[in-house]
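**Q** Given the coordinates of chain A, work out where chain B should sit on it, guided by the hints.
There are 2 protein chains.
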Amino acid sequence: MADQPTKYLLAEKDIPTTWYNIQADLPQPLPAVLHPGTQQPIGPADLAPLFPMGLIEQEVSTKRDIDIPGEVIDIYRLWRPSPLYRAHRLEKALGTPARIYYNYEGSSPSGSHKSNTSVPQAYYNKVEGVKRITTETGAGQWGSALAMACQFFGIDCKVFMVKVSYEQKPYRKAMMEMFGAQVSASPSNETECGRAILAKDPKCNGSLGIAISEAVELAVQDPNTKYALGSVLNHVLMHQTIVGIETMQKFKLAGDWPDIIVACTGGGSNFAGIAFPFIGSKLRGESKEARVIAVEPAACPSLTKGKLTYDFGDTGHLTPLVKMHTLGSTFIPPGIHAGGLRYHGMGPLVSHLVHLGEVEPVAVPQLEIFQAAVQFARAEGIIPAPEPSHALAIAIREALKCKEEGKSRAILFNLCGHGHFDMQAYTDYFAGKLRDYEYPAEEVAMALAGLPNVAA
Amino acid sequence: MADQPTKYLLAEKDIPTTWYNIQADLPQPLPAVLHPGTQQPIGPADLAPLFPMGLIEQEVSTKRDIDIPGEVIDIYRLWRPSPLYRAHRLEKALGTPARIYYNYEGSSPSGSHKSNTSVPQAYYNKVEGVKRITTETGAGQWGSALAMACQFFGIDCKVFMVKVSYEQKPYRKAMMEMFGAQVSASPSNETECGRAILAKDPKCNGSLGIAISEAVELAVQDPNTKYALGSVLNHVLMHQTIVGIETMQKFKLAGDWPDIIVACTGGGSNFAGIAFPFIGSKLRGESKEARVIAVEPAACPSLTKGKLTYDFGDTGHLTPLVKMHTLGSTFIPPGIHAGGLRYHGMGPLVSHLVHLGEVEPVAVPQLEIFQAAVQFARAEGIIPAPEPSHALAIAIREALKCKEEGKSRAILFNLCGHGHFDMQAYTDYFAGKLRDYEYPAEEVAMALAGLPNVAA
Numbered sequence: 001m002a003d004q005p006t007k008y009l010l011a012e013k014d015i016p017t018t019w020y021n022i023q024a025d026l027p028q029p030l031p032a033v034l035h036p037g038t039q040q041p042i043g044p045a046d047l048a049p050l051f052p053m054g055l056i057e058q059e060v061s062t063k064r065d066i067d068i069p070g071e072v073i074d075i076y077r078l079w080r081p082s083p084l085y086r087a088h089r090l091e092k093a094l095g096t097p098a099r100i101y102y103n104y105e106g107s108s109p110s111g112s113h114k115s116n117t118s119v120p121q122a123y124y125n126k127v128e129g130v131k132r133i134t135t136e137t138g139a140g141q142w143g144s145a146l147a148m149a150c151q152f153f154g155i156d157c158k159v160f161m162v163k164v165s166y167e168q169k170p171y172r173k174a175m176m177e178m179f180g181a182q183v184s185a186s187p188s189n190e191t192e193c194g195r196a197i198l199a200k201d202p203k204c205n206g207s208l209g210i211a212i213s214e215a216v217e218l219a220v221q222d223p224n225t226k227y228a229l230g231s232v233l234n235h236v237l238m239h240q241t242i243v244g245i246e247t248m249q250k251f252k253l254a255g256d257w258p259d260i261i262v263a264c265t266g267g268g269s270n271f272a273g274i275a276f277p278f279i280g281s282k283l284r285g286e287s288k289e290a291r292v293i294a295v296e297p298a299a300c301p302s303l304t305k306g307k308l309t310y311d312f313g314d315t316g317h318l319t320p321l322v323k324m325h326t327l328g329s330t331f332i333p334p335g336i337h338a339g340g341l342r343y344h345g346m347g348p349l350v351s352h353l354v355h356l357g358e359v360e361p362v363a364v365p366q367l368e369i370f371q372a373a374v375q376f377a378r379a380e381g382i383i384p385a386p387e388p389s390h391a392l393a394i395a396i397r398e399a400l401k402c403k404e405e406g407k408s409r410a411i412l413f414n415l416c417g418h419g420h421f422d423m424q425a426y427t428d429y430f431a432g433k434l435r436d437y438e439y440p441a442e443e444v445a446m447a448l449a450g451l452p453n454v455a456a
Numbered sequence: 001m002a003d004q005p006t007k008y009l010l011a012e013k014d015i016p017t018t019w020y021n022i023q024a025d026l027p028q029p030l031p032a033v034l035h036p037g038t039q040q041p042i043g044p045a046d047l048a049p050l051f052p053m054g055l056i057e058q059e060v061s062t063k064r065d066i067d068i069p070g071e072v073i074d075i076y077r078l079w080r081p082s083p084l085y086r087a088h089r090l091e092k093a094l095g096t097p098a099r100i101y102y103n104y105e106g107s108s109p110s111g112s113h114k115s116n117t118s119v120p121q122a123y124y125n126k127v128e129g130v131k132r133i134t135t136e137t138g139a140g141q142w143g144s145a146l147a148m149a150c151q152f153f154g155i156d157c158k159v160f161m162v163k164v165s166y167e168q169k170p171y172r173k174a175m176m177e178m179f180g181a182q183v184s185a186s187p188s189n190e191t192e193c194g195r196a197i198l199a200k201d202p203k204c205n206g207s208l209g210i211a212i213s214e215a216v217e218l219a220v221q222d223p224n225t226k227y228a229l230g231s232v233l234n235h236v237l238m239h240q241t242i243v244g245i246e247t248m249q250k251f252k253l254a255g256d257w258p259d260i261i262v263a264c265t266g267g268g269s270n271f272a273g274i275a276f277p278f279i280g281s282k283l284r285g286e287s288k289e290a291r292v293i294a295v296e297p298a299a300c301p302s303l304t305k306g307k308l309t310y311d312f313g314d315t316g317h318l319t320p321l322v323k324m325h326t327l328g329s330t331f332i333p334p335g336i337h338a339g340g341l342r343y344h345g346m347g348p349l350v351s352h353l354v355h356l357g358e359v360e361p362v363a364v365p366q367l368e369i370f371q372a373a374v375q376f377a378r379a380e381g382i383i384p385a386p387e388p389s390h391a392l393a394i395a396i397r398e399a400l401k402c403k404e405e406g407k408s409r410a411i412l413f414n415l416c417g418h419g420h421f422d423m424q425a426y427t428d429y430f431a432g433k434l435r436d437y438e439y440p441a442e443e444v445a446m447a448l449a450g451l452p453n454v455a456a
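Sequences listed follow chains A and B, in order. One point on numbering: in the working numbering, the residue at position 276 of the first sequence is 276, and numbering is uninterrupted. One point on numbering: in the working numbering, the residue at position 79 of the second sequence is 79, and numbering is uninterrupted.
Worth flagging that the hints you see were computed from the coordinates, not collected in a lab.
Below, simulated SDA-like cross-link-like pairs (lysine to any residue); rule was C-alpha separation at most 20 angstroms, straight line:
#1 B:Lys13 x A:Arg89
#2 A:Lys13 x B:Leu253
#3 A:Lys13 x B:Lys252
#4 B:Lys92 x A:Ile73
Next comes chain A alone, as it looks inside the complex (with noise of 0.2 angstroms):
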């Protein structure tokens, strides 16, 4: 028998009662956000008629520590503290002398680290009597995250889903309605924004810019709805650090730490919430010095072939400016099976940590990460969604230099969600079906010919 544990594990009393606020330990400050219209710096009451003010607060909030309410860290306890793995044979299988490690947050209810923002957003919203919350899903994780969040809280929850999703997940719209949500496909005839699109175009397949739109036209709308994201924002992005501070802790009990961290990235949720406390460690000087490297598809390479500026967060130009890694707000990306990775712009945090040189950005094509998919499931046995399987194809490249250079590092991946909702992706790429895409440089140079031009 090994000798050597499989998982590493926390009990329930160890799950982390305060969420690291990143903002907190930056050597410089985060850019402002800016009102499109004035080009000034935005305020709370800006973001009042979409979010909860309890949201807000931390959103702009400095402070290192933030405090996860009682009520939030019950729910928790439903899937939290995750588990730890060390990939034994996956080492095995790529005969390489690296210690691969990887979290898992596929066990949670929804299948992905999603869970662990929408669960607080309700929570938030709940507090301030909010009855409604409209979102937008492409894929489906977050739709079906913040769906089971608010039935667990008495919410009313409307799902925006673009409709090309619509129509080939059906699956991820049936466990949306199983946790009570209402899904219509997007763009659809219930606001004015989608029946303009449908005017146009009566077969438009949607984009996750016109969801984002429709949702937030329901949300003005009514002083008893508000809209949900399920990435970007600092707030977002800082309910995920749950991931990262246990996984400190889980180290700890490995006797171990890890050399090089790589997360997977669209919106920046999943990279934030596993990296965010290692990269705040190290930088108060509390820890050594690990690489850390942000996965992006090659099909939308946002970080790596983007233009760090100001751009709107939609499509419709209907959000404040944020400072981002873009490829321009109204790029389209292809096709790729890993939906949550599609945005054209980056977490702002995200962007402002590449630019400071504490993070390292790499894109991989798509055939690439299937490929390190079906490698770690006929070894690990978990079958990963395709978003991580980003993180895991950089995690693999960098156990087979270990193996070349015969050195053994540790490399930690976060496995941010199962593909039992992407077999279909699967059956695709075992057809032959998928393909690389060419990296769209002449749509992303229009893209970005069409920024909005911010004297800041």
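**A** The following block gives chain B in isolation, referenced to the frame of chain A:
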């Protein structure tokens, strides 16, 4: 915050090192298995063309504790020990004074308890040099679990999947292929049996009985190929007892003990897994008496409406004769969504314990189980498979009885798998397309009339 834990967790070092063989504690021994030609008890040599000797020895052993090989425990570490949950939120939703507990086996990579036996089965085949294992699968849980185990041990895996499921559940097929298995729709052109059936009826939908015949036919033709079964047999039920042994340890952690133990039963492996260690402990006078309830579908009620007699294990009459509760081996159960419970017979050990009065059988209709599943998901987050939702429905009935009587009993049920690959069933339920089936009394009477005439 809650003052009581939500989960009771053991450490990896607490994984049991022996399985529990209830044959050691039976007040009356299990009736012999008979050769269909001679009607004489069969011996190990009769089973050798199908199974490796390591498993045949377990099938007939009356030793109480059977060692789990270290190589098997090393793989169990990927998901074991499994968590025991206290269903605080469901209790609150029901307003019951009952203490409801559920043991969750859905966090195994294949999504159900089936991996607990697929891994040792593949292991004992590997030890004896077997190169290929054939099997049948209906809904796909067993096929997925065996595919994963064969991949881990480097054995080829060939799965005959009932054609109607093959077409309705392409994602279970994709999961098996992810683990490297070869999957064919049954009846297939690959066996004499399949070809004969297709010659008569080219559109035949298939059945478990036919798929078993195809898998057995390939196994007996080739000395390097063996056959594996996911339930019914004594050794399969014994491998699952790791669930109940762990659960007894977890109840000690909780400082509680079940008054009522509920599990669904098709062939009996899930039921045996959770219940046999508790029943054995009570038979030996080591722990207090608990009511043990075996739950089956009203549409396929072998324990509550079948006959306890000798019958074949398969529709094609290739297996030995076993004494069990049966609806007749030619009976084809109605198309309920709980594919794992659509079996004409019952594991002989489960039948024997019902006969001895140690187990109380009950049947539930389909709509009640889906209603229970939705109520559970909305309270606890986890979406259950239709099979364990049978147990859940009875746990809810018992919890409501506690409420009526003002009594606080501890109710344990085994949540043997998640419903991520059953979302079509939930979609149909929400669309009002599911119905309860009348008990097919005439078909059962016809099937029972055709039972073999056994003198024993």
